[in-house]
Every structure is written in C-alpha cells, then in structure tokens.
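Asks: Sequence:
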Amino acid sequence: MSQQQHSQFALFGSRRFLPLFITQFFGAFNDNLFKNAMLVMVVFHGLSLSGLDAKTLVSAAAGVFILPFFLFSAISGQLAEKFDKAMLAQRVKQLEILIMLAAGYGFWAHNAGILMACLFMMGVHSTLFGPLKYSVLPQYLQPHELMGGNGLIEGGTFVAILLGQIAGTLIVQHQPHGETLIIYACLGVAILGWLSSRRMPAAPAPAPDLKISWNVLGQTFKIIGQARGNKTVFNSLLGLSWFWFLGSIYLIYLPVMASEILHGDPTVYTLLITLFSVGIGVGSVLCEKLSGHRVELGLVPFGSIGLSLFGIDLYFALQNMPVGPFDVSTFISNHSHWRVMLDLALLGVFGGFYTVPLYALIQTRADKTFVSRAIAANNILNSLFMVVASVMGILLIKFGMSVPGLLLTVALLNVVVALYIYSLIPEFLMRFLVWIMTHLLYRVRSQGVQNIPDEGPVVLVCNHVSFMDALILAGAVRRPVRFIMDHRIFKIPLLNFIFKTAGAIPIAPAKEDPTLKTKAFDRAAQYLAEGEVLCIFPEGGITRDGEIQTFRPGIDEIIRRTPVPVIPMALQGLWGSFFSRKDGAAMMKMPRRAFSKIGFIVGTPIAPEEVTRKRLEDEVRKLRGEWQ
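Taken in order, the sequence shown gives residues 1269 to 1896; the numbers are from this note's numbering.
Be careful, since some hints might not be right.
Straight-line alpha carbon distances no greater than 25 angstroms define the calculated DSS-like cross-link-like pairs of lysine-lysine that follow [unchecked claim]:
(1) K1768 to K1785
(2) K1779 to K1759
(3) K1785 to K1499
(4) K1479 to K1636
(5) K1768 to K1787
(6) K1882 to K1785
(7) K1557 to K1865
Just the calculated beta-carbon pair ranges, DEER-fashion [said to hold, decoys possible]:
(8) I1529 to P1721: 46 to 56 angstroms
(9) G1281 to P1721: 19 to 29 angstroms
(10) W1376 to R1711: 53 to 63 angstroms
(11) D1886 to R1756: 22 to 32 angstroms
(12) G1497 to G1814: 48 to 58 angstroms
Hints are computed from structural coordinates only; laboratory data are not their basis. Owing to the predicted nature of the structure, the values given are computational and were not obtained by experimental measurement. We put the beta carbon where it would ideally sit given N, CA and C, even for glycine.
I would like the entire structure built from these sequences, with the hints used as guidance.
Replies: What follows is the structure, given as structure tokens:
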C-alpha cells in the first residue's frame, strides 16, 4: 500500500502523536481560557490594578503575555535541545498546574496583581512549550507524516484558542458561581495537560552536551544569527513572522469591524473569529491532502495569493454595509454579510496553506541539533512582528485611516512581501508552478515512493513519455531532484525557470556539443558527491511511438564515476497527452482532457555493482506494464 493511502487522522491512533496533540491542545486552550476570563473581569466586573482604567489594563495584559517570548525564547530553545522533550513537556505542564493554583487564589481574592503575574507566567509556559512541540515532531513522525502532523497541530491550536476564548468568557460570567467555576476549569485543564504529557514517548535530546547560556539578550541575538546562516530556514522564519503580522492586524481590529462597521453585537464578533479560526484549522488539515504527504513548498505561494486576494476582497465587501443592530441570527440571515463571512473564512484557509509547509520546511531543513532553537528564533521574530503590527495599526488609524483601509493596506503589503520572499527563495515559486501545473492537468497515483531514501545520494531512472515528465517526477518525489535533460527542453520558456531553479543539468549529444556533455557528467558527479538525488531518462529522448526505447550508455558513465544505488521508476498513462508525441508534435494539438489519471511507480534500489543498462531497462518495462 502506498503512503498516500494513509490519512493523517490515523495519527490520532498513535502514541507517537496523540499525547502531544492533546497536551498542546489543552495548553493553548488554557492560555485563552484564563486570559479571557481575566479580561472579562477587568472589563465587566471592575477588576483593576493601581488605578488603571479597563482599556489600559487590557492593553497591558496583551503586552504582559507576549513579553516572555522576547525574554525567554532563546533559553527555551536551548532547553529543548539539551533535554529529553517528553520529560521537558512534563515539567512545563507541572509549572502550569502551579500557575493555575496561584491564579485560582487571584480569582478568589479579586487580586489583579496576582492575575497579571500569572498571565506573565502563562506566557513563560507557552514560551517553554513552543519550541518543544514543533521540534519533537520530526523525532516522532516519519518524513511523509510531517505535513499531516503539522497540519493537525496547527489546526488544533487555533480551534483550542477559539474554544478557550469562548469558554473563558462564558464561564466567568455565569452567575453567581462564575469565578469559582473558572478556578476549577483552569486547574482541571492544566491537570489534563500534565496527564497527557506523561504519555508522550521519550524524545532523546539532540544536543545533550549543549551548555546552557542564561544570557537572555546575548542568546537572543545568537540564535537569530545562527538561523540566518541557513538562508532557506531564516526566510521561512520571516515568512511565518509576516503571517503573524498580518493575522494580528485582523485579530486586533476584528472586534471594531464587527461593532462599528458591521453593527453587530458580541455574538457577531464571536461568529467572525470562529470563521477565521476554523478556516485556519481547515486549511491546515487540508495541507496533507494537497501536498501528497510531503513538504510541498508550492502551497506557500498558493496561500499568500489567497491571503492577498481575499484580504483585498474584504475591503470591497465592507463597503456600504446595512445599518444594524444585528445579533448573530439576523446577521447571518442578511445576504449582504455573506461575502464578508466567506472572505474571513477563506483568509483562514489560505493562512493554513501558507504556514503549515513553512513549519515543516524548518523542521526538515534546519540542522537536527538546531530545530528547537530555530523555532525559538521564530517565536522571537513572531512577537516582534506582532508588536510592529500593533504600533503600525495604531498610527495609521490615528492619522485617519479607516479599519477597512488598514485591512486593504496589509493585504497589498502581503503582495509586496510575498514577491520579495520568493525573489530570495525562488524554490518557493518554482514549487508553486510545478504544483499548479501537475495538479491542474493530472491526478497522479503513486506507488513505492517510500523506496527513495530520505538521505544520501541515489540515481533515479525513468521512461520518457512527454515534456511534462520531469515536472511530474519533481512533484511526486519528496526530496529535491536534479534532472539531466535535453538542452532543448531545458530552454523552453517558463519551464526554463523551473529547471534552472531546480538545479537541472542540460546535456547534448557529443556530436552536437561535446563540451556541454562533459560538463553535464561533471555536474552529475558533483551532485551525487554532495548526497543529492539525480534523475536521468536513459532513453535519451521522448518516445515517438509510446514504447520504451533502448537505454543509452550515459547511465553507465554516471555509475562508473560515482557508484551509488539506482532506483528504476515508470510513468504510466502519459502517452497520448497534450505533451506527448502521439498523433503529431507535442503541444501542437488540442488537449484531450484535464485531470487525467496517470501512474507513477517506484521500484526497489539496485546496488551499484549490480547495475547494467539491460537490467534497468527490463525493470522499467516491468514497472510500466501495458499502460502507456
């Protein structure tokens, strides 16, 4: 059975994932249960501190919760590298229980000082757990499970945040026992989180000899500097931080939008935040289905396009809104609001598409002894970007910009930022083009992809049926693939950008360009020496009759120079497609249909000493079968 047949939801039946998910879910839930209950007491029940008014105290609470991410993320990243993550999770959850005991006294005594101190400590709790939860996933999950696991964690987190906000508001307002109930609720959730953390399997420390530095400022700059050493990882961190910049603007001004522009009551705000949060959850979970069980970077541009498109549309949807007041039922029944609701939900969905692959990319591209610190650096940058977003929003509103205008501004800024990021990492845009082209044209049924090792040099050989073959293989194989291809195909417009970005190697026959041929084999040897995946179409050209042609000696030269395992593969169902040479020249006839079903089969590796052209050709013929 191929890996693609397994659903990500099967992870809920595994101890490798379920205890971590439950622990994270209850942690995010409790953060917001406690915080919202406290804010309700400030706004509606007269809780105060040092004579501060409610608005000032609410703003201060937001800063108090986010401050630990600045102060302690660097330390939390080091702790998650040095100690077993399951053990560390248990200690963090024990800390949460102690915090909630103190918070219980604060609620009982109506002591805002104690509650603010507990809010700060819950920020510390989240700071300690953040690097742990994302860096432990590559230790618990197989590479093909990472997208699904990250999607479930991300989706579950946003649902937990939403439910915690709603529950905190409802419980503390329950009269006459609201304050007593919130004490039991916060403590009970903390205990459940601790119990679930005890079921997490051991996750050995990746860097047990790491010396912890308690220099907060110095380590903060140090881990950000270390992250910058890996260009792909650092720009992924910036991409995630930009999402939190964007998302924080929406979350900050959603209550204003609900009240002053849409003329809704608090239930309307609850509906809007639910649509946005559930949208992120849905988008996060869908990532696994859309990515084919691998880290699909093409979803990142797809997500950013959706964020800009529906952010811009939201501006126009908010024009000329009907005058209320509206509660949730009358709001939903008025069709003028449906476009607003759809835009917010789709903003969430595309936000999920955008963030999940970036987290998975950091987990797979960062050094194994640095993943936790990379996530810690992400938390620091996220916090910084959120503060900048808050300040920018305040200034723009102060200088007369409307809330819809502010939302339009960040949507347009998202276009600029996306173009900048993709200019820094063309791989994102290349993967997007590959993902779009293959998903629009074909439905690929893959088998045996797990036979391609996750690390180390290997040569892939495949039959050559169409001009789309390389793109289909690039979209189906989990690792980056370096193709040796005909120099004429390499030069095709648009495809040339994809091939160059993917590090493809153009080659020509010796009688046509002997220098280019020599350079191609030299480059192939270099890729394999660096542990890369190399793919060659040994027929030497695209078939003209649908049959597999005799393999040429190029594969012998590659293996002679660099003896590595060779994996035979076969493409099925492409003969007769728009990009094949059936019924005339390729791409010079009418396409037959979109979403054609094709097959991609990967055989077992063959040791280099057993490789012959004849054996590889026989294996590819056997894998392809009768389906051309």
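Asks: Hint by hint, say whether it matches the structure.
Replies: Structure-based check of all given hints:
no., hint, result
1, K1768 to K1785, "17 angstroms, holds"
2, K1779 to K1759, "19 angstroms, holds"
3, K1785 to K1499, "31 angstroms, violated"
4, K1479 to K1636, "17 angstroms, holds"
5, K1768 to K1787, "15 angstroms, holds"
6, K1882 to K1785, "23 angstroms, holds"
7, K1557 to K1865, "17 angstroms, holds"
8, I1529 to P1721: 46 to 56 angstroms, "55 angstroms, holds"
9, G1281 to P1721: 19 to 29 angstroms, "27 angstroms, holds"
10, W1376 to R1711: 53 to 63 angstroms, "60 angstroms, holds"
11, D1886 to R1756: 22 to 32 angstroms, "29 angstroms, holds"
12, G1497 to G1814: 48 to 58 angstroms, "49 angstroms, holds"
Violated hint: 3 only; the structure is consistent with all others.
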